[in-house]
Amino acid sequence: MTTLVPVRSRIDWLGIVFAALLSLAIVGPLVVVGTWAFTEVWRYPNIIPQQFGFRFWGQTLGRADVWNALVLSLQLSTVVTLLSAVICLPAAYAFARMSFPGRNILFFSFLAGHAFPKFGLLVAIAAIFLQLNLIGTFWGVVLIQLVGTLMFMIWIPVAAFQAVDRRMEEAARDVGASPFRVFWSITLPQAGPTIAAAVLLSFVGTFYETEGAWLIGAPGIRTMPVLMISYINNQMVIQYGAVLSVLLWVPSFIALMFARRVIGGGAFARGFGG
Amino acid sequence: MSEVAKAAARPLMENAQSRRPLGLLLVAIPVFLMIWLVVWPAINAISRTIWRPDVDGNVGFDLSSYAFFFSDRYSLDNLAITLWTTLVCAILLLVICLPIALYLRFSRSRLSGYVQALAILPMFVPSIILAFAFIRVLGPNGMVDILFNAVGLPKIRTPYLTPWGPVIGLVWDNIPLTVLILLSGLGSVANQSIEAARDVGANALRVFRHIILPRISNSILVALSFSVLGIFSSFTLPYLLGPASPEMLGPFMQRTLREVQDPIGAMTQAVIAFGFCIVFGLFYVRSVARNQGK
Amino acid sequence: MSVLHIADVTKTFSGGTNAVDSFSLDVADGELVCLLGPSGSGKSTLLRMVGGFEQPNSGRITIDGEEVTHLPPERRPTGMVFQSHALWTHMNVFKNLAFGLKLRRMPAAQIREKVEAVLELVGLAGYGDRMTTQLSGGQQQRVALARSLVLEPKILLLDEPFASLDQHLRERLREEVRDIQQRLKITTLFVTHGQDEALSMADRIVVMANGKTEQIDRPDVVYRDPKTPFVAGFIGTMNLIEGEVSNGIFVRSALTVPLPIADGPATLAIRPEALDLSASDIPKASVHRVTDYGSHGLVDLDLADGTRVKSMVAHPDMLRAGQGVDLLPRAFAAYRNNQQIYRS
Numbered sequence: 001m002t003t004l005v006p007v008r009s010r011i012d013w014l015g016i017v018f019a020a021l022l023s024l025a026i027v028g029p030l031v032v033v034g035t036w037a038f039t040e041v042w043r044y045p046n047i048i049p050q051q052f053g054f055r056f057w058g059q060t061l062g063r064a065d066v067w068n069a070l071v072l073s074l075q076l077s078t079v080v081t082l083l084s085a086v087i088c089l090p091a092a093y094a095f096a097r098m099s100f101p102g103r104n105i106l107f108f109s110f111l112a113g114h115a116f117p118k119f120g121l122l123v124a125i126a127a128i129f130l131q132l133n134l135i136g137t138f139w140g141v142v143l144i145q146l147v148g149t150l151m152f153m154i155w156i157p158v159a160a161f162q163a164v165d166r167r168m169e170e171a172a173r174d175v176g177a178s179p180f181r182v183f184w185s186i187t188l189p190q191a192g193p194t195i196a197a198a199v200l201l202s203f204v205g206t207f208y209e210t211e212g213a214w215l216i217g218a219p220g221i222r223t224m225p226v227l228m229i230s231y232i233n234n235q236m237v238i239q240y241g242a243v244l245s246v247l248l249w250v251p252s253f254i255a256l257m258f259a260r261r262v263i264g265g266g267a268f269a270r271g272f273g274g
Numbered sequence: 275m276s277e278v279a280k281a282a283a284r285p286l287m288e289n290a291q292s293r294r295p296l297g298l299l300l301v302a303i304p305v306f307l308m309i310w311l312v313v314w315p316a317i318n319a320i321s322r323t324i325w326r327p328d329v330d331g332n333v334g335f336d337l338s339s340y341a342f343f344f345s346d347r348y349s350l351d352n353l354a355i356t357l358w359t360t361l362v363c364a365i366l367l368l369v370i371c372l373p374i375a376l377y378l379r380f381s382r383s384r385l386s387g388y389v390q391a392l393a394i395l396p397m398f399v400p401s402i403i404l405a406f407a408f409i410r411v412l413g414p415n416g417m418v419d420i421l422f423n424a425v426g427l428p429k430i431r432t433p434y435l436t437p438w439g440p441v442i443g444l445v446w447d448n449i450p451l452t453v454l455i456l457l458s459g460l461g462s463v464a465n466q467s468i469e470a471a472r473d474v475g476a477n478a479l480r481v482f483r484h485i486i487l488p489r490i491s492n493s494i495l496v497a498l499s500f501s502v503l504g505i506f507s508s509f510t511l512p513y514l515l516g517p518a519s520p521e522m523l524g525p526f527m528q529r530t531l532r533e534v535q536d537p538i539g540a541m542t543q544a545v546i547a548f549g550f551c552i553v554f555g556l557f558y559v560r561s562v563a564r565n566q567g568k
Numbered sequence: 569m570s571v572l573h574i575a576d577v578t579k580t581f582s583g584g585t586n587a588v589d590s591f592s593l594d595v596a597d598g599e600l601v602c603l604l605g606p607s608g609s610g611k612s613t614l615l616r617m618v619g620g621f622e623q624p625n626s627g628r629i630t631i632d633g634e635e636v637t638h639l640p641p642e643r644r645p646t647g648m649v650f651q652s653h654a655l656w657t658h659m660n661v662f663k664n665l666a667f668g669l670k671l672r673r674m675p676a677a678q679i680r681e682k683v684e685a686v687l688e689l690v691g692l693a694g695y696g697d698r699m700t701t702q703l704s705g706g707q708q709q710r711v712a713l714a715r716s717l718v719l720e721p722k723i724l725l726l727d728e729p730f731a732s733l734d735q736h737l738r739e740r741l742r743e744e745v746r747d748i749q750q751r752l753k754i755t756t757l758f759v760t761h762g763q764d765e766a767l768s769m770a771d772r773i774v775v776m777a778n779g780k781t782e783q784i785d786r787p788d789v790v791y792r793d794p795k796t797p798f799v800a801g802f803i804g805t806m807n808l809i810e811g812e813v814s815n816g817i818f819v820r821s822a823l824t825v826p827l828p829i830a831d832g833p834a835t836l837a838i839r840p841e842a843l844d845l846s847a848s849d850i851p852k853a854s855v856h857r858v859t860d861y862g863s864h865g866l867v868d869l870d871l872a873d874g875t876r877v878k879s880m881v882a883h884p885d886m887l888r889a890g891q892g893v894d895l896l897p898r899a900f901a902a903y904r905n906n907q908q909i910y911r912s
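Chains as they are written, first to last, in the working numbering: chain A, 1 to 274; chain B, 275 to 568; chain C, 569 to 912.
Treat the hints as calculated values from the structure; they're not laboratory data.
Virtual Cβ for every residue (Gly too), placed ideally from N, Cα, C.
Accuracy of the hints is not assured; some may be wrong.
To be verified - To be clear about the criterion: a stretch of chain B counts as covered by chain A if any three or more of its residues have a C-beta under 8 Å from a C-beta of chain A, and this derived list gives those stretches:
1) 310-319
2) 385-395
3) 428-435
4) 509-520
5) 526-538
Isolated chain A, as found in the complex:
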């Protein structure tokens, strides 16, 4: 490894500057929200809240709209993730391991979704759903969120299946395993961790998906992020939003922990065209 600075001083000043600025700009706002969630009284211009407490947790969690939104969001994410797994994983295996006419064109056609500005595409989809009376329905939101997971759930598993050493599969055939047994005992466990990451990321992504849910779902379908929008717009009690933010961030945190290894590798960025 070389550096751009020929003689590096022992103290990494540049790093300290970056770390400080990023801490301030990225962690800072999150800390403020976290503080608000555990605050009972915080009047301007006090630097720290006058009174900490869990009172608003009880109040927030006692609200029926919060529970309804949470249940609905979990239902939606589960349905969308399961559907996209059922639909996409066999397709990913086919793309990775089988040869059929039009394979490459079909594979790269999944990029089409990325050629459009996303919300513009959602509006175009919504215009079609309007004619199909899917606006404001559960399945309308499922379909529009499926669009977001589709490419993701194909491309990452395809890479995972392709990364499985062909010869491991051949060795399993060699000791007497049928093609299906090879898939079950060798290919799937080998590709498993990456596929699990893709499934988890698609679950979390769907959970937080705001634009499609708001555009298609409103007013009947109120997911957590949609509820959060109305809290930001109309709710006078700041703590409700803060508690909800902290709650909302939990699945994301799990995803963060899980995805660290996936994102560590350059493969992830390459998936985005880097």
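Following the hints, put chains B and C in place on chain A, whose structure we already have.
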């Protein structure tokens, strides 16, 4: 070894006849969904905004919705604010992320792990939480006001509900992927090539200008295309943080569709957004496809 | 008695070239046969056809009298050891070995017994609980061997199993595999591009080039009496000199060798150790470089027209660069149209 590699690249068993229909069958549903929910809506939006029924119900070529958009003061203001936001965000992202990526690529210090973690963190903060945090920090009587007040400074002019609101939020939101894409591009710059340049007497700036920049120019374009595609039609952050008028295309389209209940108008706006992004979209798709092809 | 019988097998890849071209071979019970050739010679493809990973376009493969030509790998009594060992990294060593036995519905106690016996055989007793990724390259290859042996295949197939190991380890494993093979008397087909490996391990060597058999013989015969110029050039060091024969004399530049064959072009093949040098008033070649290996020396010589030949000499210190010498071939062979037509 080439014969082994060749052999390994082919399917295990070559009973291709029996597998062909199966492979097509397995990909049929996602392909159908993709055509129905991506390709068809795009075509539908274009065709329905240019072939429209006139008063007698005869369908004909008609660009009046576009003519309206481009003659309507309010629509044009919205387009202008969208273009301005996209441009400012792209510049800011580059100015912020390139130094971070360069630092991460060439630093051996232990701090770089922390810096990388921070730079990637926004990827795991949903934009809705970001919007809330933004208001609590930069909004009226927010954290910044509190701290300024404590040291005797006047209140800031809050960017909340001004065009700068979405800019700050969108830049924050797009830092992780921009850094990751740039970092992945910097990975292709060999240490030896930099050492060789230093060896012949190039200083850090020249190394950057003549060795690093040419190598990562493609990554920069990819990162820019990706953020432009996201920012141009962003919805949540401009809707929550931006001004009500003029508004960015995202909220504008949503309002036209759901509140004004004018699907033709909304589709016209969507097609115009497609038009402005087509170059970036195609470039981005081409880059990803080429990367996958490797 | 022949266990493996390959008859007239041809394999054509989509490019149109024949990877294996009407290949036939009989392997006797307990025999170790090496398929030796440069990469692209079709030796791996042939092995994969015996294992069932490729289907021949024509020809038949029988094992123990039973035709297996179109059987999938899981229904063939063959066990393959792959170059990259192809161990299942999500299983430990024991599970890697037990997988095939479980598929055969063997009781757990018996599986344990068998796996431990085989691990003992390959010198990895007690390694059952290790993950394969914790093992060294040599250990991994031993596990791969054990995974095949534990199923007691009729034929063991080894596809360049030592290619990814370093020289020292390669030599040790070579001996171990040979020992195990002889102890178990297991019929083995071994693919390699290294002649050392083939010469030191094989009962018989099949030299292949461009999908065709060049020669099938015992290692010493292949070395001493290569039947084609390809084999002559591929195995060991060989001076292959193109020239013309007229009136029973082979001529290339100043080099003349009596060769009692019909007139026409011919390729003369002389091992460096069979080419003696002597001082001469009318030199046929000049010394280009002398390399002293201690036990012997290797001399590079140039004929007048620039043709380079090598000679092995006992006393290299007697020679200097630029010196003129006479060439005295002790033993040689001649080839014409890819066939041996004379051997002294």
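Each hint tested on the structure:
Requiring three or more residues with a Cβ within less than 8 Å of a Cβ of chain A, the coverage given for the stretch 310-319 of chain B holds, as 8 such residues are present. Look at the stretch 385-395 of chain B against chain A: 8 of its residues bring a Cβ nearer than 8 Å to a Cβ of that chain, three or more, so the hint holds. Check on the stretch 428-435 of chain B: 0 of its residues sit with their Cβ under 8 Å from a Cβ of chain A, so the three-residue criterion for coverage is violated. Given as covered by chain A, the stretch 509-520 of chain B passes the check, having 4 residues with a CB less than 8 Å from a CB of that chain where 3 are the minimum.
Counting residues of the stretch 526-538 of chain B whose C-beta lies closer than 8 Å to any C-beta of chain A gives 5; at least three are required, and the coverage claim holds.
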